[in-house]
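Chemist: These are the residues of each chain, in order.
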Amino acid sequence: MPAKTYVQTTINGEHVDFLCEPRQSLLECLRDEIGLTGTKEGCNDGNCGACTVNIDGRIVTACLVLGVEAEGANIETIEGVADGSNLHPLQLAFLENAALQCGICTPGFIISSKALLEQNPNPTEHEIRFWLANNLCRCTGYDKIVRAVQDAAKRLQEA
Amino acid sequence: MTTADYERNMVLATDTDYKVIGTRPVRHDGADKVTGRAIYGADFDAAGLLQGKILRSPHAHAKIISIDTSKAEKLDGVKAVVTSKDFPQAGNKWLKDNILASDKVLYAGQAIAGVAASNPHVAESALSLIDVEYEVLTPVLTTQEAMASNASILHESLTTEELGEDTGVVSNIASHSQHVKGDIAKGFEEADVIVEREYNTKTVHQGYIEPHNATALWSHDGRLHIWCSTQGSFVVRDSVAELLDMPVSMVRVTPTEIGGGFGGKIPIYLEPVAALLSRKTGAPVKIVMSRKETFEASGPTPGSQIKIKIGAKHDGTMTAAYAWMAMEAGAYPGSPVGAAVQCVFSTYDIENSTIDGFDVVVNKPKTAAYRAPGAPNAAFGAEQAVNELAEKLGMDPIELRLKNVATEGTRRPDGPVFGRIGAKEVLEAMRDHPHYQSAKAEGTGRGVSIGFWFNIGFDSACNIAVNKDGSINLTEGSTDIGGSRTSIAMHAAEVLGIPVEDVRPTVVDTDTIGFTAVTGGSRTTFATGWAAYEAAQDVKQQCIERAAKIWDVKANNLQMEDGVISSQSDSELKMTFKELAEQLSDTGGGISGSASVNPSGVGGSFAGNIADVSIDPETGKATVERFTCVQDVGKAIHPSYVEGQMQGGSVQGIGWALNEEYFMNDEGTMTNSSLLDYRMPTSLDLPMIDTVIVEVANPGHPFGVRGVGEANIVPPTPTIANAIYDATGKRMTELPMSPGAIQSASPE
Amino acid sequence: MKWIDFEKPNTVEDAVKLLSDSGGTARAMAGGTDLIVQLRAGHPRINPDVVVDIKSIPELNELSYDANKGLTVGAAVECYKIYGDDNVNSHFSALNDSATLIGGTQIQGRASFGGNLCNAAPSGDSIPNMIAHRAVATIAGPSGIREVPVEDICTGPGQSCIGSDELLVSINFPSNGAGFGANYIRFIPRNEMDIAVAGVGASVTIEDGKFTSARVSLASVAPTPLLVEEAGEALVGQTVSEGVIQKAADLAKAAAKPISDMRGTADYRKHLCDVLTRRALNTAVERAQGAS
Numbered sequence: 001m002p003a004k005t006y007v008q009t010t011i012n013g014e015h016v017d018f019l020c021e022p023r024q025s026l027l028e029c030l031r032d033e034i035g036l037t038g039t040k041e042g043c044n045d046g047n048c049g050a051c052t053v054n055i056d057g058r059i060v061t062a063c064l065v066l067g068v069e070a071e072g073a074n075i076e077t078i079e080g081v082a083d084g085s086n087l088h089p090l091q092l093a094f095l096e097n098a099a100l101q102c103g104i105c106t107p108g109f110i111i112s113s114k115a116l117l118e119q120n121p122n123p124t125e126h127e128i129r130f131w132l133a134n135n136l137c138r139c140t141g142y143d144k145i146v147r148a149v150q151d152a153a154k155r156l157q158e159a
Numbered sequence: 001m002t003t004a005d006y007e008r009n010m011v012l013a014t015d016t017d018y019k020v021i022g023t024r025p026v027r028h029d030g031a032d033k034v035t036g037r038a039i040y041g042a043d044f045d046a047a048g049l050l051q052g053k054i055l056r057s058p059h060a061h062a063k064i065i066s067i068d069t070s071k072a073e074k075l076d077g078v079k080a081v082v083t084s085k086d087f088p089q090a091g092n093k094w095l096k097d098n099i100l101a102s103d104k105v106l107y108a109g110q111a112i113a114g115v116a117a118s119n120p121h122v123a124e125s126a127l128s129l130i131d132v133e134y135e136v137l138t139p140v141l142t143t144q145e146a147m148a149s150n151a152s153i154l155h156e157s158l159t160t161e162e163l164g165e166d167t168g169v170v171s172n173i174a175s176h177s178q179h180v181k182g183d184i185a186k187g188f189e190e191a192d193v194i195v196e197r198e199y200n201t202k203t204v205h206q207g208y209i210e211p212h213n214a215t216a217l218w219s220h221d222g223r224l225h226i227w228c229s230t231q232g233s234f235v236v237r238d239s240v241a242e243l244l245d246m247p248v249s250m251v252r253v254t255p256t257e258i259g260g261g262f263g264g265k266i267p268i269y270l271e272p273v274a275a276l277l278s279r280k281t282g283a284p285v286k287i288v289m290s291r292k293e294t295f296e297a298s299g300p301t302p303g304s305q306i307k308i309k310i311g312a313k314h315d316g317t318m319t320a321a322y323a324w325m326a327m328e329a330g331a332y333p334g335s336p337v338g339a340a341v342q343c344v345f346s347t348y349d350i351e352n353s354t355i356d357g358f359d360v361v362v363n364k365p366k367t368a369a370y371r372a373p374g375a376p377n378a379a380f381g382a383e384q385a386v387n388e389l390a391e392k393l394g395m396d397p398i399e400l401r402l403k404n405v406a407t408e409g410t411r412r413p414d415g416p417v418f419g420r421i422g423a424k425e426v427l428e429a430m431r432d433h434p435h436y437q438s439a440k441a442e443g444t445g446r447g448v449s450i451g452f453w454f455n456i457g458f459d460s461a462c463n464i465a466v467n468k469d470g471s472i473n474l475t476e477g478s479t480d481i482g483g484s485r486t487s488i489a490m491h492a493a494e495v496l497g498i499p500v501e502d503v504r505p506t507v508v509d510t511d512t513i514g515f516t517a518v519t520g521g522s523r524t525t526f527a528t529g530w531a532a533y534e535a536a537q538d539v540k541q542q543c544i545e546r547a548a549k550i551w552d553v554k555a556n557n558l559q560m561e562d563g564v565i566s567s568q569s570d571s572e573l574k575m576t577f578k579e580l581a582e583q584l585s586d587t588g589g590g591i592s593g594s595a596s597v598n599p600s601g602v603g604g605s606f607a608g609n610i611a612d613v614s615i616d617p618e619t620g621k622a623t624v625e626r627f628t629c630v631q632d633v634g635k636a637i638h639p640s641y642v643e644g645q646m647q648g649g650s651v652q653g654i655g656w657a658l659n660e661e662y663f664m665n666d667e668g669t670m671t672n673s674s675l676l677d678y679r680m681p682t683s684l685d686l687p688m689i690d691t692v693i694v695e696v697a698n699p700g701h702p703f704g705v706r707g708v709g710e711a712n713i714v715p716p717t718p719t720i721a722n723a724i725y726d727a728t729g730k731r732m733t734e735l736p737m738s739p740g741a742i743q744s745a746s747p748e
Numbered sequence: 001m002k003w004i005d006f007e008k009p010n011t012v013e014d015a016v017k018l019l020s021d022s023g024g025t026a027r028a029m030a031g032g033t034d035l036i037v038q039l040r041a042g043h044p045r046i047n048p049d050v051v052v053d054i055k056s057i058p059e060l061n062e063l064s065y066d067a068n069k070g071l072t073v074g075a076a077v078e079c080y081k082i083y084g085d086d087n088v089n090s091h092f093s094a095l096n097d098s099a100t101l102i103g104g105t106q107i108q109g110r111a112s113f114g115g116n117l118c119n120a121a122p123s124g125d126s127i128p129n130m131i132a133h134r135a136v137a138t139i140a141g142p143s144g145i146r147e148v149p150v151e152d153i154c155t156g157p158g159q160s161c162i163g164s165d166e167l168l169v170s171i172n173f174p175s176n177g178a179g180f181g182a183n184y185i186r187f188i189p190r191n192e193m194d195i196a197v198a199g200v201g202a203s204v205t206i207e208d209g210k211f212t213s214a215r216v217s218l219a220s221v222a223p224t225p226l227l228v229e230e231a232g233e234a235l236v237g238q239t240v241s242e243g244v245i246q247k248a249a250d251l252a253k254a255a256a257k258p259i260s261d262m263r264g265t266a267d268y269r270k271h272l273c274d275v276l277t278r279r280a281l282n283t284a285v286e287r288a289q290g291a292s
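If you read the protein sequences in the order shown, they are chains D, R and E.
Position 99, counted from 1, in the first sequence is what this note's numbering calls 99; the numbers after and before it change by one each time, with no gaps.
Position 301, counted from 1, in the second sequence is what this note's numbering calls 301; the numbers after and before it change by one each time, with no gaps.
Position 150, counted from 1, in the third sequence is what this note's numbering calls 150; the numbers after and before it change by one each time, with no gaps.
Chain D on its own, in the form it takes in the complex:
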């Protein structure tokens, strides 16, 4: 039996280590080895964005990252967005704007939107839609998601 690889990484600010086979994606490792199931699988080929995580400051689809590539990286998942028991303004905005229906795409959208607002605190509607085009939602038609991001941008600027 070929040996597994030992990986050390940082997830949501915490040191995490795990064993994995090289063929396991970061998505599989997060969900099956580390127990962080907030990041979802929708397509496993980079087209739906449900598995979006933030690695070293930029967003990627975790299904197209190998688990072994997490070595030494700084990873943010949905589980790390809230500050303790305080929801992030984006999370509050999603709730108050009813920007989720089934909720399966929501973790991916929140990670993606958070990265957008960190880079561009006052995006236009077009910039929001362009940035989020790699995140698919089938329930909402995106209207309330875009509004939630606009709302969150305001809240963050007022903070």
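None of these hints come from the bench; they were simulated from the model.
Hints are supplied without guarantee of correctness; some may be wrong.
Said to hold, decoys possible - Chain D stretches covered by chain E per the calculated footprint, using a threshold of three residues with CB under 8 Å from any CB of chain E:
| # | stretch |
| --- | --- |
| 1 | 22–34 |
| 2 | 37–49 |
| 3 | 131–144 |
Claimed, not checked - Simulated coverage check for chain R against chain E, where a stretch passes if three residues somewhere in it have a Cβ under 8 Å from a Cβ of chain E:
| # | stretch |
| --- | --- |
| 4 | 655–667 |
| 5 | 681–690 |
Keep in mind it's a predicted model, so treat the numbers as computed, not measured.
Cβ atoms here follow ideal geometry from the backbone N, Cα and C, with glycine treated the same way.
Once you have looked at the hints, place chains R and E on chain D.
Modeler: Relative to the frame of chain D, chains R and E by itself:
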């Protein structure tokens, strides 16, 4: 984009005399869903969990000669392999075959065997070690091919049912139904203007982002427990019990949170396989579909061939309407052609109509419901024909519809007589909306349409227990696809006069709640909300009786309003619900209320669209510049989630109109079974979706609810087609209206 | 996925050794946005047993500019780094046309022009753009370093002249002078995320209202991305005009040899070559005239 010179997302509310109904509280399950804590089916874990994978047919139509699983069973890490041989004898053959094929495969992707292993990669490797010998047959892939006289036959046992009678003729046509009202020959003779066309639509998928999943644990006491993302935990329970020849009481289904369904998660696929593997291994077994499997092996909605003929007099009165509709059932009979028949002309009061409906099997996955199943196909044809009629008559398309609109008392072409409906109000709201009143932007075309869905009732149950702190625990069995548990909680809160934050709604398993029909059919807020209403009334009555006991007065002298129990005769006697709750244990014990309902007062819903579309003349690419959805929902319990349903259905319709289709090669394999080439709209492809909530109360529901989920997917495809025609003069009679199709089409 | 072994060399030499020692069973991986999908699907040809992660090698992460040498983009440099780079934005802004439309934001967080080139799909969105910019690929192998113009790299769908024992190190974009403008556009049914139905990379240099150089390159209309030399040659020496641009578009359309598949018919793709070449050249001209 549009200038917001008016208040978007209007709510034309009627009956606003409510405390909770019509407000927009944060949903009770929201915090878990924005933090990744909510447990969806694939997130479920259990000690000793094994992972399952399914071997699927590469052929669209073939006899299975033999299946040899011996090599797969020997692979290190594989714990069990099952095939259809592991099913008991009893049970519906076609349902079993669709779970694990026995003697024949009828679509590429059909399940042949299931493997359970220690990890999913090992399970996947085992699949290639299963040897299957096939005798490949010719597939049929469209209704035209399947209905041809020399067509390859899918089922030697399937004979056509013609107008209710078995003809004994073996065919791919499972049934032909016909609805006749009046005399269309006479009606067409009276017509001054006639429009007649044929339309064709391709297979499309519901496109939920969460693939199918199921975990099964067959315990040593013979009880089977299933966790899965489903729109109907009782459907899963009853279907699995039937297939595995078990009493329903031995099967318990816990619905996990669900990542979209739209009708596609009503049928079962993985649950019995996981159960069989669990029985063989003694361990819990989880199976999750890949995206490819979701496309190829779940239940898309039919492609169809639709012929429409409508005639009207010069003054716009429609005199006759004819529809001929053939719909793909997929591998086994049961397309939604019956529902299409109920909707195609139902917006209009027409004296003479005939509707022919054909249910046709083809070598594709068995179709499942997709949000108002069958109706969007029918509307793509009928609502374009109505616009063509308007053009020929020189009438505004909304005015033509208003002239003929069905109202209370109109008999539908398929028989039922309408109660109070809001079709007229929807059309008027469309006509009066700033979108319709505004000039079109340069280079855009504008289209309108209206669609109908009848909605359903059926069984729901609800239990309420009063907590000591004045909150209530509310349990119900409707899986929550889009915020419904909060809308259901709002029913109870309204009745009891308590804040909705004091209601703890939970969606529970099939052991814990009375029989509840599917989350679908636009029934959840209507029927389960009603169950909550009744359960709350039960609690309210018990509270009044308890207060009477406490005060030693007659109960019929007391009332409970806005969460306060008081006496009609003695103004000193007052107690809040909270104060009563604190005393329950000492005054006779806790209070629980319950209700099981099967409400018959279903009210149908009409939804209309206005869309402005621009076309790049050189490439044919259509861009939706502005879109408005107007829908009569009876009563919007939680307007934000009602708007969300309207926006979501509209966008699914836009995708259906512009780019979504199953590409099948000649061998009958889907070539675009990924989200790269099955092109659903992204955020960049759309404008904001404006909504207007119309409220024509449904007299059959205590708060007037009709249901919102489905009617809004019916009008988008003809609306976009009508807009494309307005922009280019090109009448698009095939879906999808992709850029190449628009560019190469000729103007009329 | 089948079992794979994973290596992460730190130098070009180590990477080349791994590739050449493997006898063709190893393959370099940058962002993995094509390779991981191919491994999962069990691609008939691209199915390595060993994945060599080349993202730790300094030369493959280089993104530098020098007025003489031009722009050097390491093979592993991700798209998001390209459109975030000041030198690119100042001197090679047309490269952003590709970098911002490969996939979507998340794909751009991993995918590289180098990987796009090595994947050698006829639809690769960076390739016609690189060809239009006269880019040259630097390849390291057991026998040393060689340079190959990008238009000569792809030899068939999914096939390139880069040997299984070789490593693409970087792509060099020569400096372009004043009066240069370029554009890559493609046609897709949606607005993002799709594979190009047809794509055109075009570049021009204009002096005194005349084309002094021009290049037109096509995606998705042949077994490889195409350099249509005759289209560029038809412009050189000519005064900038609608008619002359149309002539180039006609030549591009004539050179296209598309197939019909689920993404588009051959006729439609040929038609798009005409439309897109015209539009790409018009934009390139606008940018060239804006730049002078």
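Chemist: Which numbered hints turn out to be false for this structure?
Modeler: Failing hints: none at all.
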